[in-house]
Amino acid sequence: MKVDFIGKCLLLTEGNERTLAIGDLHLGYEGAMRKAGVMIPVKLYEKCVSDFDLIISKIGKVDNIVILGDLKHEFGSILPDEWKYIVNFIEYVKSKCNKLIVIEGNHDVILFPVLRKMGIVAVDYFVWNNIVFTHGDKEYDEMKNRNIECWVLGHGHPAVNLYDGVKKEKYKCFLSGNYKGKKIIIVPSFFPLVEGTDAREFEMKFAWDFNLNKFKTYIVSDDLKVLDFGELGKISIN
Amino acid sequence: MVESKIEFIGPRNGNEVKAIMHPLVKEWFFTKFKDFSLTQLYGVAPIHERKNILISAPTGGTKTLTAFLSILNYLVGLSLKNELEDKMYAVYVSPLKALTNDIYFNLERPLAEINELAEKNGLKMQPIRVGLRTGDTTPSERAKMARKTPHIFVTTPESLAIVLTAPKFSENLRSLEFVVVDEIHALANKRGVFLSLMLERLEHFSVITPVRIGLSATIAPIEEIAKFLVGFGRECLIAHVPLIKDIDIGLISPGVDLLTMDGADDQKRLYHILDELIGNHKTTLIFTNTRNATERIIHYLDSHFPGKYSGNIGAHHSSMSRDQRFLIEERLRKGELKVVVSSTSLELGIDIGSIDLVVLLRSPKSVSRALQRIGRAGHQLHSNPKGRFVVTDRDDLVECAILMKHMKEKIIDRVDIPINALDVLAQHIYGMAISQIWNIDEILKLIRKSYCYSSLTKDDFMSVISYLSGDYDLEHRNVYAKIWYDKETKQVGKKGKLARLIYMTNIGTIPEEGFVSVVISSGDSKGSIVGSIDESFLERLKKGDVFVLGGAKYLFIHSKGMKAYVTANVSKSPTIPSWASEQLPLNFDVASAICKFRGLIKERVKNSIECVKFIQEYCYTTAETAGQIYRYCLEQEDFSVMPSDKKMVVELFKQDKEYILFHSMYGRRVNDALSRAYAYVAAQLKHRDIEVGINDNGFFIAGEALDASKIIKGLTSVNLRKIVEEAIEKTDVLKRRFRHCAARSLMILRNYKGRSKSVGKQQVHSHFLYSAVNEISKDFPIMREARREVLNDLMDINNAESILKKIERKDISLEIVRTPLVSPFGLNLLTQSHSDFIKVEDRVNFLRRMHELQMRVIEKR
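So the sequence lines, in the order shown, correspond to chains A and B. Per the working numbering, residue 1 is the first one in the first sequence, and the count goes up by one each step. Per the working numbering, residue 1001 is the first one in the second sequence, and the count goes up by one each step.
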């Protein structure tokens, strides 16, 4: 199996088949903000589309696209035209693959009947070859089967703070390591504008007790480049 | 626009003032008091003559009664003639809620007494009503006030703004005759900016121009404060009531070896001094600068003198609950406490009974603050306030000596009021639009009358209007606009039915401080909240740190959102330095005076006898203390070069890294700007892993191989501003301030649609907001205001610029010296910055070791 990091997305190639994994999206965040009295308009949707375009322009159409969960941030607070954006985005992503799989995350409670109506597979976890794709907040028995070699997860929003002596900057990153014989790849959130959680400072609340300090860190910089920074625990914290 | 006309006045004589008074009021006054106070001789007559006046008098004076005497006099006269109308005659505004309550009672009582006297004399009086409204006033109390208009309205600036937008109740302000602003010295900040716009709105609203009366403790520059009170182009009298009471002030230095007071033996000496002082006085108030120091002192007093300080001691600081603080204040008033240790919370206002001694443990960083604190001692009119500085290291010693000198010579350091703050402006325009439709030029004219906005450009003003009217997202304008602006008619008005509600529930300028709850994470008390710490302290905590809160020790595990998880029953010693978060910056005027002092010592340093004598006289101190100061300076001059007001010394030395240490004795606000700028220049020159350290006395940058001369040349007075703006981009400090500004500009609503949002949620959003706003435009007015606040209010970019200019003009010569290790003057700066990594004992040993090395270098020479 070939593993590639294309910007914020994970591309897995097995033989002729290619699967692209997209991390947590949280579409509709603006609505939640507004409901909470934060009056700053954000063009989140447009940014998601342009980020996704950039990636697709590099790799072309793929066989499968898996969205690892938290597609929708919060239901009910959303403006009518936001609903339109979400449906549009899903249709757009669907057009770049043969099969679109959406994993249920902890934020996606009411979305699923709608997705099924659109003909989209909506599941708790997805198995492809010997890889399981799931959100990461819950464990499913099949994941522990002996033939499963790799878990691809979202949920953690991994990011890392880098300090150059003068300033601290946070970057989205992939975390890759091992757990009880399985290879684990944690995909950063696709959600633009906010990097995520630095695992050295906060718990990521996965369903398992990963030793994240031993995981390898792949930092996503601009223009799709991803850089190997080595073990998370070894990156200087200040 | 014509500048304001300011005039200093002197006191009238008692008979003149008596002549003004209504016979009934005169009778009442002289049954209560023997005679007029000096403050009253200054202030009563001008107010009667309806002149704007700023009364500056030392704390504990009779300012409030002075302000009200003429007003009561006038109202009593009217009420006896049955001519009292149902309107507000006077508004009293104070930034302190608790004080406002105090004042209310202080007005009710005299009025009741005058009433009694009137009855006794067979005179009939209409009732004179006083109304109180603050954030705590209940709806039923407000309804009562709406039915019966108070003649004197006592309130806070925020509540006043709310009242002004209330359609019916605001009508009572239509012919306002007097406005009293108390505690003006506490308003040299955005709250003051808010108030100054408030006063302009009030004046615009009322058909009568109200007389403005300002009450202030000793403050400088007093003419500017007067202009702040009355606004641009108006007249103001200043009653600068002199300090007739001599302050009994002294300085205590714990001993010859003043490197630090942190070691175990030094601690013993320090606490013995405190114990002795406390023992010799009935009630002592000890001021420290930080909440952590407050906790520590109580903790150590107890451990050094077990049993002696258990029931009779109390702490008072702002992260204690209101009830806890009130309890301490009560006990103080009743005389039940022997000693109270406070950070800054007991500096202002409310009566706390009689204090015999105020101890200032470590420098209070400005003369006005020192005077405020010592003014808390001896509230009776005829006792001299007594205060003692207790210093804890050599820099502290020099600083307090100069502070003491300035206090004795009555040299007050200056405050700065924020100018052209766009966030407060946005909030006010929003409020104005709620009351009525305005013409845009009318608004600008009104705003420019405020001292804080007299230089506001039309561009900046229009950018705020643009923001408020939702220009930044035309597509969703109906969602984001707070006002409508019609470009053709040039009119502005409120938008949406919720406008007034939003205004009322989100008004104010005090940033909601993120108080982080400290929660027990395991064991029996798991989940219980034991207190709170502020955000800036949380920023400093690392896993495993031990800190003291409410007298107990806690070990920090981790934090999530606005909760910090800890374990209790810790045996380990505290590891986090007490001054982690709330360091007060040294006032620039005081810092400059220390520079000048250094220069004067430098001229005489070769002659020890002459120099010590000079220091003794200059600082009004003992020979022993003068000797300590002399030796400190001599060490620096012998080891390296002594800096002064004419010479900026930059030392290069190598320790674990290469250091460039600037003896920039200009206060941490200036040093914050300069250090960031130099660090940025160094980073631009491809230097890696740069470390920065600052304090009031200087700053350093350190790195692997630093090209000092290139770095120094890289920063000029011309590129400073741009470099600092770049350096703060994306930093936590800018993001935090941005959140504050966004809240003030109503971009983030604390209370919206009936839900109140915790600061935690605001916190989570602010990072996102910052990115989002930058996507809109880097020049978004609220973003620009956040930058202005960081550069001008938090740092001091203007003075930093002027120092660089002086160096460029050679008014200050820059001397670069290479030294074998850190110099005596640089020692505190170096160790302080490393204290995160070094435990207390290690720090003490480190200091001693460095000092020994320095002495050896000097001896070799």
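Be aware that a few hints might be false.
Here are the in silico distance ranges between beta carbons for each label pair [to be verified]:
(1) B:Arg1688 <-> A:Gly181: 51 to 59 Å
(2) A:Ser221 <-> B:Ile1419: 56 to 64 Å
(3) A:Glu203 <-> B:Glu1475: 36 to 44 Å
(4) A:Tyr92 <-> B:Ile1419: 44 to 52 Å
(5) A:Glu203 <-> B:Ile1419: 39 to 47 Å
(6) A:Glu203 <-> B:Asn1478: 52 to 60 Å
(7) B:Glu1330 <-> A:Leu162: 50 to 58 Å
(8) B:Asp1656 <-> A:Val123: 49 to 57 Å
(9) B:Ser1525 <-> A:Glu203: 15 to 23 Å
(10) A:Gly60 <-> B:Leu1474: 35 to 43 Å
(11) B:Asn1798 <-> A:Ser236: 34 to 42 Å
(12) B:Ile1411 <-> A:Ser236: 31 to 39 Å
(13) B:Leu1474 <-> A:Glu203: 36 to 44 Å
(14) B:Lys1526 <-> A:Asn213: 24 to 32 Å
Pairs of lysine-lysine, DSS-like flavour, derived with a Cα cap of 25 Å [what the hints assert, rightly or not]:
(15) B:Lys1563 <-> A:Lys35
(16) B:Lys1410 <-> B:Lys1563
(17) B:Lys1735 <-> A:Lys43
(18) A:Lys35 <-> B:Lys1860
(19) B:Lys1563 <-> B:Lys1602
(20) B:Lys1410 <-> A:Lys225
(21) B:Lys1018 <-> B:Lys1034
(22) B:Lys1034 <-> A:Lys47
(23) A:Lys2 <-> A:Lys205
Calculated from the structure, these hints are not laboratory results. Glycine included, each C-beta is placed from N, C-alpha and C at the ideal position.
Next item on the list: Quickly compare the C-alpha distance for B:Lys1018 and B:Lys1034 to 25 Å and report which way the hint goes.
Entry: holds (13 Å)
Check: Taking the beta carbons of B:Ser1525 and A:Glu203, is their distance inside 15 to 23 Å?
Finding: Taking Cβ atoms as reference, B:Ser1525 and A:Glu203 lie about 21 Å apart, which means the hint holds.
Check: Between A:Glu203 and B:Asn1478, does the beta-carbon spacing fit 52 to 60 Å?
Finding: Hint violated: Cβ distance 41 Å, outside 52 to 60 Å.
Notebook entry, point to check: Is the straight-line distance between the alpha-carbon of B:Lys1034 and that of A:Lys47 25 Å or less?
Noted result: The given pair, whose Cα atoms are some 76 Å apart, is violated under the 25 Å limit.
Next item on the list: Given the range 36 to 44 Å, decide if the beta-carbon distance of B:Leu1474 to A:Glu203 lies inside it.
Entry: With a Cβ separation near 42 Å, B:Leu1474 and A:Glu203 satisfy 36 to 44 Å, so the hint holds.
Check: Given the hint that B:Lys1563 pairs with A:Lys35, does the C-alpha gap stay at or below 25 Å?
Finding: Judged against 25 Å, a Cα distance of about 24 Å means the pair holds.
Note to self: Tell me if the straight-line CA distance from B:Lys1410 to B:Lys1563 falls inside 25 Å.
What the structure shows: violated (46 Å)
Checklist line | Distance restraint hint 56 to 64 Å, applied to the beta-carbon atoms of A:Ser221 and B:Ile1419 | finding: violated (40 Å)
Notebook entry, point to check: Between B:Asn1798 and A:Ser236, does the C-beta distance stay in 34 to 42 Å?
Noted result: holds (36 Å)
Check: Measuring from beta carbon to beta carbon, are B:Ile1411 and A:Ser236 in 31 to 39 Å?
Finding: Because 48 Å falls outside the window, the suggested range is violated.
Note to self: Check whether the Cα positions of A:Lys35 and B:Lys1860 lie no farther apart than 25 Å.
What the structure shows: Outside the cut-off at roughly 72 Å; violated.
Notebook entry, point to check: Between B:Asp1656 and A:Val123, does the beta-carbon spacing fit 49 to 57 Å?
Noted result: holds (55 Å)
Taken one by one, the earlier hints fail for this structure at numbers 1, 2, 6, 12, 16, 18, 19, 20, 22, 23, listed in ascending order.
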